[in-house]
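Chain order of the listed sequences is A and B. Residue numbering for the first sequence is 1 to 112, as defined by this note's numbering. Residue numbering for the second sequence is 1 to 113, as defined by this note's numbering.
No lab work stands behind these hints, which were simulated from the structure alone. Positions of the beta carbon are idealized from the N, C-alpha and C atoms, including for glycine. One or more hints might be untrue.
Subject to a maximum C-alpha distance of 20 Å in a straight line, what follows is the list of computed EDC-like cross-link-like pairs (lysine to aspartate or glutamate) [stated by the list, open to error]: (1) A:Lys-45 with B:Glu-42; (2) B:Lys-44 with A:Asp-78; (3) A:Lys-42 with B:Glu-101; (4) A:Lys-42 with B:Glu-42; (5) A:Lys-56 with B:Glu-101; (6) B:Lys-106 with A:Asp-83; (7) A:Lys-3 with B:Asp-59.
Some chain A residues near chain B, calculated using beta-carbon distances under 8 Å [as the list claims (entries may be wrong)]: (8) Pro-8; (9) Arg-28; (10) Tyr-32; (11) Pro-44; (12) Gly-98; (13) Leu-100; (14) Phe-102.
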Amino acid sequence: QQKVQQSPESLIVPEGGMASLNCTSSDRNVDYFWWYRQHSGKSPKMLMSIFSNGEKEEGRFTVHLNKASLHTSLHIRDSQPSDSALYLCAASRGSALGRLHFGAGTQLIVIP
Amino acid sequence: NSKVIQTPRYLVKGQGQKAKMRCIPEKGHPVVFWYQQNKNNEFKFLINFQNQEVLQQIDMTEKRFSAECPSNSPCSLEIQSSEAGDSALYLCASSLQGHTEVFFGKGTRLTVV
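Bound conformation, chain A alone (with noise of 0.2 Å):
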């Protein structure tokens, strides 16, 4: 069964707009959340990365992290057209050695 459950599936926003994705592990042994961000036709590329409880942001991508109830948020202010891309969220154990569980992804478009 899938263990990170990402929503929604697809989100279009406009040029400007804020972004909100979400997700969440129902591996209570998991312990490192991790954001990547893929375009169409290329690799997986790490946007940021989360392990502490509250927020952390970078330019204009704010994660988010809820230890307790292993659920991550992903929110991109002032969209922009090279944001739409599929948004891949993952969790990881201390223990497995960096082994990614991925979720399904929420696909981003940002309309012009």
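Position chain B against the provided structure of chain A, taking the given hints into account.
Frame of chain A; chain B shown alone:
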């Protein structure tokens, strides 16, 4: 630009044929992963290595795939007898150690006809 190099980018095989793909991990990265990404964008972990040793692999990999990461040579993943359901993007990735960034190659897109 990804420093994980995968070859070939595209591979077309008939059912029952062997399909072999290669990966050169980023220099200095001892941990290598192979994932399968299907047409629905779902990722399936296949196998990982630390240096030349297999750390974990799923049943499918053990039964139908041959994989290795020899020292001073590219890592490889080979399907012994391709099936239509094996059509997917095969991604190789590498990292320094657990809980550091995992870097992905551009993948080998396998089509089994």
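Cross-check of the supplied hints:
Among the hinted pairs, A:Lys-45 with B:Glu-42 is consistent with the structure: their alpha-carbon atoms are about 16 Å apart, no more than 20 Å. Under the criterion of a C-alpha separation no larger than 20 Å, the hint pairing B:Lys-44 with A:Asp-78 is inconsistent with the structure, at around 33 Å. Restraint check: the Cα-Cα separation between A:Lys-42 and B:Glu-101 comes to about 17 Å, which is no more than 20 Å; the hinted pair holds. With a CA separation close to 15 Å, the supplied pair A:Lys-42 and B:Glu-42 stays within the 20 Å bound.
Between A:Lys-56 and B:Glu-101 the CA atoms are separated by roughly 16 Å; this keeps the pair inside 20 Å, and the hint holds. Between B:Lys-106 and A:Asp-83 the CA atoms are separated by roughly 19 Å; this keeps the pair inside 20 Å, and the hint holds. For the hint linking A:Lys-3 to B:Asp-59, the alpha-carbon distance of about 18 Å falls within 20 Å, and the restraint holds. A least Cβ separation of about 14 Å between A:Pro-8 and chain B goes past the 8 Å threshold, and the interface hint is therefore violated.
Interface restraint check: A:Arg-28 against chain B, minimum CB-CB distance 17 Å, threshold 8 Å, status violated. Interface restraint check for A:Tyr-32: the shortest CB-CB distance to chain B comes to about 5 Å, inside 8 Å, so the restraint holds. Because the smallest distance between the Cβ of A:Pro-44 and any Cβ of chain B comes to about 5 Å, under 8 Å, the interface hint for this residue holds. Taken as an interface hint, A:Gly-98 checks out: its beta carbon lies about 4 Å from the nearest beta carbon of chain B, inside 8 Å.
At about 6 Å, the closest approach between the beta carbon of A:Leu-100 and any beta carbon in chain B falls short of 8 Å, and the interface hint on this residue holds. With a cut of 8 Å, the hint placing A:Phe-102 at the interface with chain B holds, because the nearest CB-to-CB distance is about 4 Å.
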